[in-house]
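*Asks:* Sequence:
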Amino acid sequence: MNLAIDTQDRFALSAKEREMAARLATALVDATGFALVGVSAKAVSAEDKRRLPVVTLQANQSKVDVVVRTVRHAYPRDVREAMWQLESSVASDAAKRNQIPMVVADSLSPGAKALLRERGIGYFEPDGCLYLRWRHCLVNIERAKRVPAKARSIPLFTGARENVVHALLMSRGAWITGAELAERAQTSTYTCSVVLQELEKREWCQASGAGRTLRRRLVEPGLLLDAWAAQWALRKNPASNWHTFAQRPDQLMRQLADRLRQSEVSTPWAFSGAAAANLYAPLLTHVDTVDIVIAPGESEAFAHALALEPADQGSNVTLVERDGASTLFRHDFMQDQSHLSSPFILYLDLQNGHGRNKELAQRVREKLEL
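For the sequence shown, the numbering used here begins at 1 and goes up steadily by one.
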């Protein structure tokens, strides 16, 4: 559809806005049968001179202006500013003509659509849907659409960002500030902000307030944990197998804890794997192998402290070298400060499918009560 746009308005709108306005106009005419009058531009408000596209239609004896705010890939956070601009523009119109506020986007998340519906604002995806309500007219078109090119997402499970993910899961859905989260995650507020913004886009966390009062909380811990587990399963951390004599195999972990307590080992460590998980969420009658998470490069030092011998077969101790999120939020299982990995790390380490680890992982997840 060729649209006539005034020269002044043409220069006031970007090429993207003009393109989206044209596609919206075509969709509206096809869906409603109204006649197209033209496309223009108007200021957001008397104070805000930014221009918004306006598609004018002839609806029987009345003209109606569809005031448009264009965005690219819209999540609830993105449409809130768009809603404010549209509502300001409609409220500031001295003529008080028939107006329909509408958000036009390459893609809209389900949460964004729900938010717009609640506020009585229409929306349009060129390859997907059209929704508007005006007087007795309701247009609600949902159709299968091409999968849009995804907005660039950042990797969440790398380095310090993984610390933030871990800290958020440990927050158990409580409202938390960026500064509080940074302290718990032992990283910068900037890193926390990057992760939180990505989680908001995915609609896995909610925000409240602004500036210094801005707080967020995790609302989809299960989805976040699933995504972390999928990434975790792809990793190949350095691990070595060892053996030590245990008169009572069911007491091996306690025996190793006693040796570590008496040793000069000073780097962070924690029990993980099936033995530790079974202590946290009992399921199995006994587990006779123990995994210990240690800092990279510390295998020989720990082997010496624990009196371990290398074992290609018949091993009962595995030393896994990794740092970062793995050693955050360790908790004590004995009064001598012997450490278990956090419940979330225990769950992740059970994703290897060995033995009955799948059943044990499910028991751990049930205890987490996500």
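Just so you know, these hints were derived from the structure itself, not from any lab. Quantities reported herein were computed from a predicted structural model and do not represent experimental measurements. One or more of the hints may lead you astray.
As the list claims (entries may be wrong) - In silico DSBU-like links for lysine-lysine, alpha-carbon gap of 35 Å or less:
1. Lys-236 to Lys-42
2. Lys-236 to Lys-16
3. Lys-42 to Lys-63
4. Lys-201 to Lys-236
*Asks:* Tell me the numbers of any earlier hints that the structure contravenes, in ascending order.
*Replies:* Result: hints 1 and 2 break, sorted rising.
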